[in-house]
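**Student:** Next come the chains, spelled out residue by residue.
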Amino acid sequence: ILNVEQSPQSLHVQEGDSTNFTCSFPSSNFYALHWYRWETAKSPEALFVMTLNGDEKKKGRISATLNTKEGYSYLYIKGSQPEDSATYLCAFSGNAGNMLTFGGGTRLMVKP
Amino acid sequence: GAVVSQHPSWVICKSGTSVKIECRSLDFQATTMFWYRQFPKQSLMLMATSNEGSKATYEQGVEKDKFLINHASLTLSTLTVTSAHPEDSSFYICSATDQETQYFGPGTRLLVL
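Going down the list, the sequences are from chains A and P.
Each number in this note's numbering comes from the position in the first sequence (counting from 1) with 1111 added on.
Each number in this note's numbering comes from the position in the second sequence (counting from 1) with 31 added on.
Bound conformation, chain A alone (with noise of 0.2 Å):
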């Protein structure tokens, strides 16, 4: 059974800070590490598609970095707003396949 964890489960920050949370996945037979934003009622939308060890990208105030050696992977958001609090998903593929293991999610609250 693959170990996909996510800290923290949930984080309620004020409008305009910035933020951080965490995806740990195995190191071993890596392939991708998928994050996607889940607002509630609302299908989950891909942000980052990640292969490369020391990779970074960045969409707007929203960025992931990953260590695949390490096996972990950061989501910073940059100047919080009321519109990202969401639930962040992050998912591990391995071998080369489309199988998706996912965290449990962390879930961000932005206070106007």
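Accuracy of the hints is not assured; some may be wrong.
[Claimed, not checked] Below, a sample of chain A positions facing chain P; criterion: calculated Cβ distance under 8 Å: (1) Lys1153; (2) Ala1157; (3) Gly1205; (4) Asn1209; (5) Met1210; (6) Leu1211; (7) Gly1214; (8) Gly1215.
[To be verified] Non-contacting residues of chain P with respect to chain A, defined by C-beta distances greater than 10 Å in every case (computed): (9) Lys51; (10) Asp58; (11) Ser85; (12) Tyr89; (13) Lys95; (14) Thr106; (15) Thr109; (16) Pro117; (17) Glu118; (18) Tyr134; (19) Leu141.
Derived by calculation from the structure, the hints in this document are not laboratory data.
No residue lacks a Cβ here, since even glycine has one placed at the ideal position from N, Cα and C.
Given chain A's structure and the hints, the job is docking chain P onto it.
**Tutor:** Chain P only, in chain A's frame:
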């Protein structure tokens, strides 16, 4: 990004009823679709991989005779929960892949009374 729809959004049914959930890729063709289930306070768990024109591959512990999957076209996969029981109450969500990213539907919440 690619759009995946799922229908229905909500189902409430009596025990013993069969429930069919549809997953459609609206603007791309998906040879592979996936079905996940999420119980309260748990992660999304893969149930099965659905391949167009062939039998689905089920994960360990998922009964293939209970969760029937049909992927008859490149844009449609269906999941039928046969003879649903209260323990099948859960959130079911599908995804379709373009071989790089999985695009998710909005999910179906099933409540079996």
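**Student:** Evaluate each hint against the coordinates.
**Tutor:** Status of each hint after checking the structure:
Given hint, Lys1153/A at the interface with chain P, holds; its Cβ is 6 Å from that chain's nearest Cβ, closer than 8 Å. Against a cut-off of 8 Å between C-beta atoms, the interface hint on Ala1157/A holds, since the closest Cβ of chain P lies about 5 Å away. Interface restraint check: Gly1205/A against chain P, minimum CB-CB distance 13 Å, threshold 8 Å, status violated. Proximity of Asn1209/A to chain P holds as hinted, the smallest CB-CB distance being about 5 Å (cut-off 8 Å).
Given hint, Met1210/A at the interface with chain P, holds; its Cβ is 6 Å from that chain's nearest Cβ, closer than 8 Å. Look at Leu1211/A: its Cβ gets to within about 6 Å of chain P, closer than 8 Å, so that hint holds up. The restraint placing Gly1214/A at the interface with chain P holds, with a minimum CB-CB distance near 6 Å, inside the 8 Å limit. Hint status for Gly1215/A: holds, given a least beta-carbon distance of 5 Å to chain P, under 8 Å.
Non-interface status of Lys51/P relative to chain A is upheld: no Cβ of that chain comes within 10 Å, the nearest being about 20 Å off. Taking the minimum C-beta to C-beta distance to chain A, about 13 Å, the non-interface status of Asp58/P holds against the 10 Å cut. Its beta-carbon lying about 15 Å from the closest one in chain A, Ser85/P satisfies the requirement of being farther than 10 Å from that chain. Every C-beta of chain A lies more than 10 Å from that of Tyr89/P, the closest at about 12 Å, which supports listing it as non-interface.
Listed as a non-interface residue, Lys95/P keeps its Cβ farther than 10 Å from every Cβ of chain A; the least gap is roughly 17 Å. Distance check for Thr106/P against chain A: the nearest CB is about 16 Å away, which clears 10 Å, and the non-interface claim stands. A cut-off of 10 Å between C-beta atoms confirms that Thr109/P is not in contact with chain A; the least separation is 18 Å. At the 10 Å boundary, the C-beta of Pro117/P stays outside the reach of chain A, the nearest C-beta of that chain being 24 Å off.
Residue-level check passed: Glu118/P sits 21 Å from the nearest beta carbon of chain A, beyond 10 Å. At roughly 7 Å from the closest C-beta of chain A, the C-beta of Tyr134/P falls inside 10 Å, breaking its exclusion from the interface. At roughly 16 Å, the least C-beta separation between Leu141/P and chain A is larger than 10 Å, which holds for a residue marked as non-interface.
Figure legend: structure checked against the earlier numbered hints; hints not met, in rising order: 3 and 18.
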